[in-house]
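Given the coordinates of chain P, assemble chains A and X onto it according to the supplied hints.
Chain residues, written in single-letter form:
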Amino acid sequence: MSVVTVQLGQCGNQVGHELFDVICSDALEDQRKGYSTASCERFFHQTAHGELVARAVLVDMEPKVINQTICRSAKSGRWRYGETSHFSQKQGCGNNWAHGFCVHGPRHRDVVEELVRREVERCDRLAGLMAMMSVAGGTGSGVGAYITRYLRDVYPKSFILNHLTWPYGTGEVIVQNYNSVLTLAHLYHHSDAILVHENDTVHRICSQLLNIKHISFTDVNRVIAHQLGSILQPALTTDSNGIYSRNPLGELVGSLACHPEYKLLSVSTIPQMPSSSIAYSTFSWPGLLKHLRQMLISNSKMEECIDWQVQLPSASERTRTLLGSSFNTSLANLLILRGKDVYSAETGSFEDPALYSSWLSPEEAFNVWKSPVIFNKYEKSATLVSNSKALLRPLDNMLGKAWNMFASRAYIHQYVKFGISEEDFLDSFTFLEQVISSYNQL
Amino acid sequence: MQQSKAAVSVEVKQVIASLCKMLSAVGLEEVPAPETFRRAKFGAGPEEDQFWKLLSNILQTAGIVSCEAQAQFGGEHCKLVAAGLWQTGYYADWMFIKEGGGGGGGEERRCSSRELLLALGWLIAEGTLEKLVSQRVKKLDRTLFTPMPVNSQFPTRPQIDSSSLRKLQWLVGSLRHQNRILLSMQEERTHLLHAVFLASLSYPESSFEQTSAVLKEDCVCMRGLCELLESYLNWKQVEKVFWTWMGSVLDCHLTDPVVVEKAPHTLRGSAKVCHHGNRGLEKMENMLQRLPTRQKGQGRYRAFAEDRGGAEALQAGSDTSSLPHLLPSLSTLHTFPQVYRARLQTIVLVKHSSRPTDGPCGGAETTDELPASQATQLLLQMEALLLQRRDTQRLANRMQMQEVVSRQEDLVLIPP
Amino acid sequence: MTQSVVVQVGQCGNQVGCRFWDLALREHAHVNKKGVYDEALSSFFRNVDLRRNDGGSCGVGGKIENLKARAVLVDMEEGVVNEILQGPLREVFDSTQFLTDVSGSGNNWAVGHMTYGSAYREQIVDKLRKTAEHCDCLQCFFLIHSMGGGTGSGLGTRVLSMLEEEFPEVCRIVTSIYPSAEDDVITSPYNSILAMKELTEHADCVLPIENQALVHIVNKIKHMSHCGKPGSVIKTDTTVMSGQGGLSRAEKPFDTMNNIVANLLLNITSSARFEGSLNMDLNEIAMNLVPFPRMHYLVPSLTPLYTLADVSVPPRRLDQMFSDAFSKDHQLIRADPKHSLYLACALMVRGNVQVSDLRRNIERLKPSLPFVSWNQEGWKTSLCSVPPVGHSHSLLALANNTCVKPTFIGLRERFTKLYRKKAHLHHYLHVDGMEQSYFTEAVSCLNSLIEEYDHLDATKGRLMPDAPRFSIAR
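Chains P, A and X, in that order, are what the protein sequence lines are. If you count the first sequence from 1, position 352 lands on 352 in full-length UniProt numbering, and the numbers rise without skipping. If you count the second sequence from 1, position 46 lands on 46 in full-length UniProt numbering, and the numbers rise without skipping. If you count the third sequence from 1, position 244 lands on 244 in full-length UniProt numbering, and the numbers rise without skipping.
Same shape as in the complex, but just chain P (with noise of 0.2 Å):
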């Protein structure tokens, strides 16, 4: 079962590359058959000469960002990506949503819808589609908009994940909170589930955790495909009796977003480290769960940030609502395991309902993937996806920010000059503040 990925704007692109390249060597290094054969059909299909080439479409307004992602594909050896899969024009949004959702998005959309196409027939079995973005620029988070929810039309029963990669929290583009808040609340009524990777958190991991000095997009983006790629590699999930499960987006969204209120997905890995120390460290899975356990409920997405004060509240705590705490509390959870002696790893400290909310009981809410596959070159590793409220304190700053620019009207009539009104951005704003309401009350 297959999963068509259509990587849009600079960053989009960016990511799916790295993603691809993450994949394509973790099939190709295990010797299991099984697993990389699941793998490479999930997201290659080969050519007649056995050539593996990428599910993916590539879209951005602006050709250089393509080229190279095109060419550094092919030079890989390894895969590449399709010849006429991909679509640019001359001239990018200019950090703009409205000029990428209102005039490209609309323009282009025979184009892409066309080259979607193609992709999902050549695949045996559609799993669903994966749109890659940030929500910064215009490009991406513009034209992505427009293009997922025409993709939902198009594809009315296919699982659509959006991934997002939020920027920084200043200085790579001014206007970007409104573009965010835009894609956000255009993107909730159409996603099936929004998997965020946040450029910040990202970057400390990258200077923390692989101990990098000069911090390069390209390391950004490897530590992000490669949580991903620990998501979306063939596993076993808890009933599927020894065969790798057949739809991985179905099963990730049917056990972490089925409420559509709630749809915000975030990831953290145990261990990541530089690829030179991989090699003399161990692991045991009660150390990895126990740790990734406290990540989860304080709140770190670092294993060296994490927070050991923080525990579960008591039953009395539960009944009021603790706004200022800082335990995190989750709606829904997704244990990945990966590595050797993975069957032995005891996961019933994630079962615990103090951890839910008090509507979802543990049974409902939790749910575990295994592989006994290693996952690139890391003997044992752990991926957590959440469905909690890990994301709130990011999106509430985003959109405290866009309004107080709103208030002042700032930058709207670059918007309007493009078709997005003041109503526009008032809707937005209202369905996210109900979104973050909604995970307040967790």
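Just so you know, not all the hints are guaranteed correct.
Pairs of lysine to any residue, SDA-like flavour, derived with a Cα cap of 20 Å [claimed, not checked]:
| no. | chain 1 | residue 1 | chain 2 | residue 2 |
| --- | --- | --- | --- | --- |
| 1 | P | Lys64 | X | Val36 |
| 2 | P | Lys90 | X | Phe167 |
| 3 | P | Lys90 | X | Asp38 |
| 4 | P | Lys64 | X | Gly276 |
| 5 | P | Lys417 | X | Phe167 |
| 6 | P | Lys157 | A | Leu183 |
Hints were generated in silico from the structure; no laboratory data involved. Keep in mind that this is a model prediction, so the values were computed, not measured.
Quick look at chains A and X alone, frame taken from chain P:
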């Protein structure tokens, strides 16, 4: 007129043939030839035996009659069939002609093959055919996934507070996702089936023999499956004609009864016949109690029972199983104060002219009879009306729900 | 790749433009050693094979044949343009790109805007269209003109509205040279105020440059070069100091000043022309820096303005470059951005500078820079890997800052002084189509613009509470 009649009869022949093909594809043995069916319409003949066998086969295969019952009745078809038909809620005179006739099953039990044909019609209308097809498909299709066990424990009276509402929303979402996963699985299966089918076409027979026995077996299954589905499809396309013909059989039966020996029994009287714990009876009695009093007063139970047959003939294509529930509620509608009996006009007229009867179901002039076309019209109207009522009810429910949600959930304030 | 077209109007506009083309050629010659017509070159130049009759341009990737500037030159006297035609740059233009008259506008905005604007409208639009047709994907018009004279301010602003009419999709960035307070043109306050209204209404971005600020900078450079301190000898082959190495040899009095403006244009387009790890398209400038449509005056500052000949400069110099960009001395108008209010700020860096350097300096400078309450993180950055000729790195800061206000107020004062006496007014009102209401409208337009800046300034230093958010009732 002659020509068209001939055309109709040819068509009927084909339709019955497709039914026969269907029945044997489902896995039934000793299916009577199409011509047998046609002769059965006129009652007499040696076909009776074949029909007893067919009916008992169907009842057994569909699991209406359990294994124990089979053992209890021994090899006796008639009892078994009568009991089985009871289970499905069918009633006819011949079933009660003589009760408790343990050993013989001789001449007293004899009834015309036409009545058995009617019983067969009832069974088909009840959806037995679909049951058989799905059973057969399950048997043949080895790639079919067993349905996931879904935990469906709901509190009997759901409380609408915000957290159970959220839970409910979660569950609904979860179901929706599962549905999509299943749909995509089905799509894949179709793909694979198609591929297998193409492969079987392109390979010469000889190459099959080289492959393993398991594969061969699978292939046979797959072919059986294809045949089955094909024949079912064929049947579905022509089913309408069959029901028209069945209607004519019914009319024929009403106007020209082969075995009319005794006055109709009341149901209460005959209830002794049935075996303990009969669901069909319960169902029937429920229905009867809901009948309008006026009709009860007229004591037209029998007519009602026949009504069901007639109405089913009309409803051929649609979901017949829901009809018995629908009928009582129909009769309570103001616009439709009375239960009418439908007749198929053309054939009825022919029959009438040839042989008027004084039976309880009388002439076409009686106020409670309607020509079939008109009845169809009325039923369609009724259906539209009911659909409309359902929609308004749904809408009202949704509005109410939304109101509750908005009260429960949250109001949005416009900023200062 | 997108292309830009330069439209230079009037004496000043053409002189600056001339320096720009000279430096642009020099910069590309420096970077492009293979003689291949590449994407970067195509953004400002066409490659024409003269052997072909159709005059069509060659595609990207071929050998450089004849480079032709994507430019339209307009002047209502012949002097400057004739000089160009006889000078070393004559190869870069062909006759179809020029539009001249003989009599000049007599320092009268109305003559330039009304008389010539109407008379030459068809011809100008035709030339603009022809130039645009040569572009694969036209992204931006750069208009260069002065505010004081007649042709630059009058006809220049008329051309601006033609651009808006004919090419509404294409971004319009205007470089306007503002007159000194002691300008020898008596009517320059009239011309400036009338032109200001046009700029406020029809431009996407305006880069205001004051003659006085340029004079000040040039004096400072001269002072540096003559003070004779060891190790502080100024390199003469940098783009700012001279045209040496370029096509024209002779140094003219205003060349240094014009070089600074030409450099500004080179730097602003560098990220669109050359590669870098963080690109900035031209249409991103207005998108990020213009929060309100009329407040599109972006104060430019360039650093470094000169490079000391001594190569063993301390590594501190990179951070110094960032500090300089916010100092009074490096602004191209006389203003002090640090003591006014920032609405938004873009840093366009060229040369060997890393993201980490950029982030470090933003963090370092941020506390000393007042930003408007709703845009505390109003930074837009770009990194271009190709440095300007003669430098290892450079920085262009574009600030949307309320410090432009004093310049506008000064203009208004000089205007009022003149207008109260009705001095020279009849020269304007004689012109066909000109009415007194133009003056009153122009001045009220300027008033309201100044008021808008006042309004924002008033919020400075005050702790602005966050706007109350939506509350979701339960």
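Each hint tested on the structure:
1. Lys64(P) <-> Val36(X): Roughly 19 Å between the alpha carbons, so the hint for Lys64(P) and Val36(X) holds.
2. Lys90(P) <-> Phe167(X): 17 Å, holds
3. Lys90(P) <-> Asp38(X): Holds - the C-alpha atoms of Asp38(X) and Lys90(P) are around 15 Å apart, at most 20 Å.
4. Lys64(P) <-> Gly276(X): Roughly 11 Å separates the two Cα atoms, so the pair holds.
5. Lys417(P) <-> Phe167(X): Holds. Lys417(P) to Phe167(X) sits at ~15 Å (cutoff 20 Å).
6. Lys157(P) <-> Leu183(A): Judged against 20 Å, a Cα distance of about 8 Å means the pair holds.
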